[in-house]
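Could you build the full structure based on these sequences and the hints that come with them?
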Amino acid sequence: MSMYKRALLFIFSVTLASIGFVSFAQDTVLKLGSPISEEQLSEFDLIAGPDGAGFPSGSGSAAQGKQVFDTRCAACHALTGEGTSGNTVLVGGDMHSEGSPLRTVGSYWPHASTLFDFIRRAMPADAPKSLTSEEVYQVTAYVLYLNGIVDQNTVINRETLIAIEMPNKDGFIDKSQVR
Amino acid sequence: MTQEKLERVAGNGLLSRRHLLGMGLAGAGSVMTNSALGADAGLQIPSWSKVPGPGASGYGNRSSHTEYMQRMSGNPNPIYPGGGASRSPLAELQGTITPNSLHFERHHAGIPDIDPNMHKLVINGLVRQPLVFDYEDLLKYPMVSKIHFLECSGNSGSLLRPSPADGSAQSLHGLVSCAEWTGIPLSALLDEAGVDPAAQWVSAVGADAASMGRSVPIDKAMDDVLVALFQNGEPVRPEQGYPMRLFCPGWEGNISVKWLTQLKLTSESSQFRDETSKYTDTLPDRSSLQFTFPMGTKSLITSPSGQMALNRQGIYQVTGIAWSGRGSIRRVEVSADGGRSWADAEIESHQSDKALARFRIPWEWSGGSAVLQSRATDSEGNVQPTRDAVLADRGRLSTYHNHCIQSWAVNSNGGVANVYV
Numbered sequence: 045m046s047m048y049k050r051a052l053l054f055i056f057s058v059t060l061a062s063i064g065f066v067s068f069a070q071d072t073v074l075k076l077g078s079p080i081s082e083e084q085l086s087e088f089d090l091i092a093g094p095d096g097a098g099f100p101s102g103s104g105s106a107a108q109g110k111q112v113f114d115t116r117c118a119a120c121h122a123l124t125g126e127g128t129s130g131n132t133v134l135v136g137g138d139m140h141s142e143g144s145p146l147r148t149v150g151s152y153w154p155h156a157s158t159l160f161d162f163i164r165r166a167m168p169a170d171a172p173k174s175l176t177s178e179e180v181y182q183v184t185a186y187v188l189y190l191n192g193i194v195d196q197n198t199v200i201n202r203e204t205l206i207a208i209e210m211p212n213k214d215g216f217i218d219k220s221q222v223r
Numbered sequence: 160m161t162q163e164k165l166e167r168v169a170g171n172g173l174l175s176r177r178h179l180l181g182m183g184l185a186g187a188g189s190v191m192t193n194s195a196l197g198a199d200a201g202l203q204i205p206s207w208s209k210v211p212g213p214g215a216s217g218y219g220n221r222s223s224h225t226e227y228m229q230r231m232s233g234n235p236n237p238i239y240p241g242g243g244a245s246r247s248p249l250a251e252l253q254g255t256i257t258p259n260s261l262h263f264e265r266h267h268a269g270i271p272d273i274d275p276n277m278h279k280l281v282i283n284g285l286v287r288q289p290l291v292f293d294y295e296d297l298l299k300y301p302m303v304s305k306i307h308f309l310e311c312s313g314n315s316g317s318l319l320r321p322s323p324a325d326g327s328a329q330s331l332h333g334l335v336s337c338a339e340w341t342g343i344p345l346s347a348l349l350d351e352a353g354v355d356p357a358a359q360w361v362s363a364v365g366a367d368a369a370s371m372g373r374s375v376p377i378d379k380a381m382d383d384v385l386v387a388l389f390q391n392g393e394p395v396r397p398e399q400g401y402p403m404r405l406f407c408p409g410w411e412g413n414i415s416v417k418w419l420t421q422l423k424l425t426s427e428s429s430q431f432r433d434e435t436s437k438y439t440d441t442l443p444d445r446s447s448l449q450f451t452f453p454m455g456t457k458s459l460i461t462s463p464s465g466q467m468a469l470n471r472q473g474i475y476q477v478t479g480i481a482w483s484g485r486g487s488i489r490r491v492e493v494s495a496d497g498g499r500s501w502a503d504a505e506i507e508s509h510q511s512d513k514a515l516a517r518f519r520i521p522w523e524w525s526g527g528s529a530v531l532q533s534r535a536t537d538s539e540g541n542v543q544p545t546r547d548a549v550l551a552d553r554g555r556l557s558t559y560h561n562h563c564i565q566s567w568a569v570n571s572n573g574g575v576a577n578v579y580v
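Protein chains in written order, with my numbering: chain A, 45 to 223; chain B, 160 to 580.
One or more hints might be untrue.
Claimed, not checked - Beyond 10 Å from chain A on every Cβ pair, some chain B residues (computed):
| hint | residue |
| --- | --- |
| 1 | Ser-206 |
| 2 | Gly-217 |
| 3 | Pro-323 |
| 4 | Pro-356 |
| 5 | Ser-362 |
| 6 | Gly-372 |
| 7 | Gly-392 |
| 8 | Glu-393 |
| 9 | Glu-427 |
| 10 | Ser-429 |
| 11 | Phe-431 |
| 12 | Thr-439 |
| 13 | Gln-449 |
| 14 | Gly-540 |
| 15 | Pro-544 |
Stated by the list, open to error - With a Cα cut of at most 16 Å, we get these calculated EDC-like pairs of lysine to aspartate or glutamate:
| hint | chain 1 | residue 1 | chain 2 | residue 2 |
| --- | --- | --- | --- | --- |
| 16 | A | Lys-110 | A | Asp-195 |
| 17 | A | Lys-75 | B | Glu-295 |
| 18 | B | Lys-437 | A | Asp-218 |
| 19 | A | Lys-219 | B | Asp-440 |
To be verified - Output of the computed footprint for chain B on chain A, the stretches with three or more beta carbons under 8 Å from beta carbons of chain B:
| hint | segment |
| --- | --- |
| 20 | 78-91 |
| 21 | 133-146 |
| 22 | 159-166 |
Just so you know, the hints here were simulated from the structure itself, not pulled from any lab data.
Ideal Cβ placement from N, Cα and C applies to all residues, glycine included.
Below is the structure:
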């Protein structure tokens, strides 16, 4: 092979490689996801965060929540929220008590948003997602009332819920950046 | 082979690794000899060698003689239908890969029966374009296969209780397993949706009845997290998240959300129930650690282990598993005298990052009492702590994320039990 042919082949190969690379980057990366709008996800997306994002419209008070709680929740959590087993206690506890503290919504949970988020996605355990948004607000209010955090006529909605300061709000150390 | 030629490397009977089978010491077998034949009987052709057996089948089953190997599950909890856990039979398993049927389970509302043709994976929130993916489409993406352990952060928690439970490797530590996970790097799917620079977290939600959710930091999500579709070569088992699960290598098991159906990019964590009320650790000053992600450097002798019985004096192969959420296992030391002296165990060389490693060391039991321990060191230099060190560091108010050294006491009758030293 002459020098000339070699040089030509080299240029040809480099050109091919460049084309090949561009082609790989642009054409072989699959993009099979279908566009969807947040509006189309409004029933699907149940994430309700501490910043207020993701909460549905609606509201409720503890006075309204008592009936829902008594019929849908009390079988496991008891009428008073004192629970029927270790994992179902919703009220009481003191993080600074002697011995191992009783960790409940009132004594331990740092954010009120978590209460709404969890009830809406996972409760009642035998029929999750069977409560309406109004009922979730009402039960959220009632559990907060049982813990002495709101009074029975406080209206709980997106704005008032995320404004609530839970007793243990400063009780957590974020380790998420520790690798 | 005589006793005098055994090379002792640490107290109370630990022997050099070179006495392991296949490591250049043929004579070890003579010390370990058990009579396989009856004293007088010659060896006969067995009955199964005289009749043809069943032929090939469409789906394989294990030997009927190994059906005793079962996951150990608690009693059903009527309060939480489908909730609970089952534990891998660690003492009966060898190597480092957990068979799918014996991989540990933890469910918060049971196992959903998902039709893959109806299942959707949504990416929304702080992205250029929210997207929805079908299962069939996801199968077309380039995939990677990685061997990784998975460990529930509640594993081994009972060791921090005041008195030692009468338990086995399975009952005390069986919430760890290891598999080859095959799937799509999460970064590829997030790139397709276009990550907004304001996104700091990815909230992952499952399609189970609990819609279990966890928040994953974006840097982890863009690093080594998979949307796993296959487990040891077959589609992910229903109890592990069929048709797909998140898999966050090295991190507490709960964050590898099963039955994955939503990934929402957010600027703050979502503060789900299972990252606030649960899987958090309260310290003596009553503050609580949240988002403890990497699982600690850890090892465990699986044989001999709790509730076993040594039925003869002589040489035993001490073996177990080691793992770290921060890298690979560099070293495992074993003690037979409760931590007074240590010897290096042999580690199988084909181990990978954030995966189980198998270690072995020969040990001569002469009929006395012994306390067997193992201590792992990972590739980052992290050393597995003693139980006392863990308790001094974090107190007794919570039991997640425990990776302390396990002590197995061998008594003069050969019984093996969980003890604290």
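Return the numbers of the hints above that this structure violates; sort them in rising order.
Violated hints (numbers, rising): 5, 6, 9, 10, 11, 12 and 13; every other hint is consistent with the structure.
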